[in-house]
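Chemist: Residue-level listing of the chains:
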Amino acid sequence: MSQSNKPAAPTGRVLNIQRYCSHDGPGIRTNVFLKGCSLRCKWCGNPESIRKNPELSYDPRTCTGKKACGLCLQPPFPDGAFYVVEGEDDKVRVNWDLAGDCDDATVALCPTGALSMFGKTMTVDEVLDEVEKDSSFYRNSGGGMTLSGGECLLQPDFSAALLAGAHERGFNTAIETACNVPWSFVEKVLPHVDTVLHDHKLTIPERHKKWTGVGNERILANFKKAYETFPDIDFIARTPLIPGVNADEEHIRAVLAFIRPHKNVIDYELLPYHRFGLGKYEHLGKVYELDDYKTPSDEVVQRLQAIIDEAFGRIAEAAGAR
Amino acid sequence: MSTDIGQSSSPKRIAINVGAGFVPGINAAVMGAALAAGKLGWELVGIRDGFDGLLHPERYPDGGLLSLGPRLIDNLDPAGAGVLGQSSRVDPFHVRTVDADGMVEEVDMSDALLQRLKVEEIDALISVFGGQGLSILYKLQRKGLNAVCIPRAIENDVAATLVSFGFNSALSFTIEMLDKARQSAQSARKIAVVEVLGAQAGWLALQAGIAACADAVLIPEIPCDLQALAASLKQRVTGRRPYGLVVVAEGAKLVETAQARADKPAEHALKASLSPLATGEASEHVIQRSGQAAETVANRLQLLIAEETFPLVLGPWTRGGVATAVDRQLGLAYGAGAIRALNAGNSGVMVAFVPPDIKFVPLAQAINKVRTVPADSEFIQTARSLGICLGREQS
Ligand code: SF4
Chain A
3 MSQSNKPAAP
13 TGRVLNIQRY
23 CSHDGPGIRT
33 NVFLKGCSLR
43 CKWCGNPESI
53 RKNPELSYDP
63 RTCTGKKACG
73 LCLQPPFPDG
83 AFYVVEGEDD
93 KVRVNWDLAG
103 DCDDATVALC
113 PTGALSMFGK
123 TMTVDEVLDE
133 VEKDSSFYRN
143 SGGGMTLSGG
153 ECLLQPDFSA
163 ALLAGAHERG
173 FNTAIETACN
183 VPWSFVEKVL
193 PHVDTVLHDH
203 KLTIPERHKK
213 WTGVGNERIL
223 ANFKKAYETF
233 PDIDFIARTP
243 LIPGVNADEE
253 HIRAVLAFIR
263 PHKNVIDYEL
273 LPYHRFGLGK
283 YEHLGKVYEL
293 DDYKTPSDEV
303 VQRLQAIIDE
313 AFGRIAEAAG
323 AR
Chain B
5 MSTDIGQSSS
15 PKRIAINVGA
25 GFVPGINAAV
35 MGAALAAGKL
45 GWELVGIRDG
55 FDGLLHPERY
65 PDGGLLSLGP
75 RLIDNLDPAG
85 AGVLGQSSRV
95 DPFHVRTVDA
105 DGMVEEVDMS
115 DALLQRLKVE
125 EIDALISVFG
135 GQGLSILYKL
145 QRKGLNAVCI
155 PRAIENDVAA
165 TLVSFGFNSA
175 LSFTIEMLDK
185 ARQSAQSARK
195 IAVVEVLGAQ
205 AGWLALQAGI
215 AACADAVLIP
225 EIPCDLQALA
235 ASLKQRVTGR
245 RPYGLVVVAE
255 GAKLVETAQA
265 RADKPAEHAL
275 KASLSPLATG
285 EASEHVIQRS
295 GQAAETVANR
305 LQLLIAEETF
315 PLVLGPWTRG
325 GVATAVDRQL
335 GLAYGAGAIR
345 ALNAGNSGVM
355 VAFVPPDIKF
365 VPLAQAINKV
375 RTVPADSEFI
385 QTARSLGICL
395 GREQS
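Protein sequences appear in the order of chains A and B. Just so you know, my numbering puts 308 at position 306 of the first sequence, and the rest follows in order with no gaps. Just so you know, my numbering puts 344 at position 340 of the second sequence, and the rest follows in order with no gaps.
What the hints contain is simulated information worked out from the structure, not anything from laboratory work. Quick caveat, the model's predicted, so the values are computed rather than measured. Check each hint, because a few of them may be wrong.
Which residues of chain B face chain A? A few of them, derived with a C-beta cut under 8 Å, are [claimed, not checked]: (1) Arg100; (2) Val102; (3) Asp105; (4) Gly106; (5) Met107; (6) Val108; (7) Glu110; (8) Gln136; (9) Ser139; (10) Ile140; (11) Lys143; (12) Ile371; (13) Asn372; (14) Val374.
All C-beta atoms, glycine included, are put in the ideal place defined by N, C-alpha and C.
Next up, chain A with everything else stripped away, as it sits in the complex (with noise of 0.2 Å):
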């Protein structure tokens, strides 16, 4: 569905277009991952979403090796990139402080797909016609478009267009957002969003610099502005539970202190740590930092979660539940 008659429509960068997803606003969704964020959570899943510019990717997995192949040993590929060493494995490896100035153009020649880049830059069309693909489920689930990272509102014209494109076609619209952006970006985005999957990652400013790269301060103020400013949009408080991190009281309660005064604050859901994106960082030839770290028990997640139903006066069907 083209709009020729409208102004040109703004491009943006996307990771990745996902179909059927269930987790990220109701019913059934597409989720649109665009690439770049402004917060380095060291817990990370999405590694590939995290720099704004297209970026290599190398799965061994599908590498033919030297003897069978060998292309990337060659110009136009940038020297020193690619190597083998010795021995009977002849994958190749990736020196990836010399493998930066790969691009499409060069990667396309690799014959398996082993080498891969994040991200192209797509148009709210595409996108969007891509999306409209399951439009007949979204209207049995009341399902439809979220927008995901990354931090979509890093992108905040090309967001603000999805999301409208997305309500002119009939689709319910959802975004994801950590909100570590300037106010103008929000206001931008936010009228055009029916849904919003907010975190709460830490409470205390330092300890959030500390493990996401800067404060929360700005975080925590534009979270209440949206509040305040879009009483119709229902807002859902998340935490990615990491135990030795956040995974304690002190913070749900903090975070509940603060989202239960504000009625649009509907639920508060905690996603417990996983290692996910493990792999994602070995293809990425980045360094997971929090190797270490373990998922939360089911105790402790049993725990934490009782506290936010009774916040939420879930008490009973919680009990229940169990």
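The hints should help you fit chain B with the ligand onto chain A, whose structure is shown.
Modeler: Frame of chain A, contents of chain B with the ligand only:
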């Protein structure tokens, strides 16, 4: 590539910096370079905290550069470290910054770095780097920087040199700890399984294991057959000598049964094939966290033998302490060698110990390689002669 360092007698201004990660006795390398520079009438300045002193001078009361003149050098302890400090990241191509809008981003500051060197009238840079730092230096050199690298690596895995700075101090400490572990095992009548540094190269485990007369040494280069290890320990650990010592490099691999390999999650296979030293299907190479190797070997070994095992992890302890006599000499020689390299018009080189000489090898020869223990190494033969099990039947 600009190489304006020639044999001219004009006084030069040279900078020196240190890469990420603590290595004992870095002062020796700094002193070596300072003394040799002074002899030529050149000035040596130290960049604080990796590249931070140059890139962020506003953070330092002294502007981020430390003049390494005779007065300071005369009072420096060559066995000590830390005169220049360190940074956890030494990559000017991806400097993590928080912009005016409070947003985190990695910024390429390599041009700014070269510009700052120009403004400070610094003619060349000596970097005490290992691992990733070598590639960074190679990249900077390709952008026109006159760079000389002093190799440093606790694990002695930098290619093209027999020994990297810092290895001997780590080796000495590791031996001391293995002696204590053996005493502890002796009194407890158990088998101590001690994990030492060595993700890709087994030099530290092998040389320390030999010195401490360990019963077994497992290194990344020789995948370990646990059955063979258990059989060897059954012979060595007896009623008369009811204790044992097993040294495990953190990157040691186990030979897996076909079934175990099939059951292994894809993520592990991926990690294995990304490691420069991985041998793919034949073995396991997964370091998920420090201590995992010792724990795995201790637990699985205990199922195969009658004795009790207990894991110990040296890990980051190995990085501290003071430099040994060998490292002091090596540091001074490498520092002086770096100045000699510059004075001879070399740039884009690493000083290397190729006995009996200190040589200058192109950085390109040192990157994308790992110095591992070869199968015919003298140390492997020595270990086998001493009856130390290397995790495999001798072929
Ligand atoms: S071009 Fe692709 S398949 Fe060929 S060696 Fe390189 S990574 Fe492997």
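Chemist: Does each hint fit the structure? Answer for all of them.
Modeler: These are the hints, each one checked on the structure:
Because the smallest distance between the Cβ of Arg100(B) and any Cβ of chain A comes to about 7 Å, under 8 Å, the interface hint for this residue holds. Annotation: interface hint on Val102(B) holds; nearest CB of chain A at approximately 6 Å, less than 8 Å. Here the hint on Asp105(B) is kept, as its CB sits about 6 Å from the closest CB of chain A, short of 8 Å. The closest approach between the C-beta of Gly106(B) and any C-beta of chain A is roughly 6 Å, which is under the 8 Å cut-off, so the hint is satisfied.
Interface hint status for Met107(B): upheld, as the beta-carbon distance to the closest one in chain A is roughly 4 Å, under 8 Å. For Val108(B), the interface hint holds, the least distance from its beta-carbon to any beta-carbon of chain A being 4 Å, beneath 8 Å. Interface restraint check: Glu110(B) against chain A, minimum CB-CB distance 7 Å, threshold 8 Å, status holds. For the restraint placing Gln136(B) at the interface with chain A, the shortest Cβ-Cβ distance is roughly 6 Å, inside the 8 Å limit, so the hint holds.
A cut of 8 Å between beta carbons decides the hint on Ser139(B): the least distance to chain A is about 4 Å, and the hint holds. Hint on Ile140(B) holds. Least Cβ distance to chain A is approximately 6 Å, under the 8 Å limit. For Lys143(B), the suggested interface contact is upheld, since its CB lies about 6 Å from the closest CB of chain A, less than 8 Å. Annotation: interface hint on Ile371(B) holds; nearest CB of chain A at approximately 6 Å, less than 8 Å.
Interface restraint check: Asn372(B) against chain A, minimum CB-CB distance 4 Å, threshold 8 Å, status holds. Taken as an interface hint, Val374(B) checks out: its beta carbon lies about 7 Å from the nearest beta carbon of chain A, inside 8 Å.
Violated hints: none; the structure is consistent with every hint.
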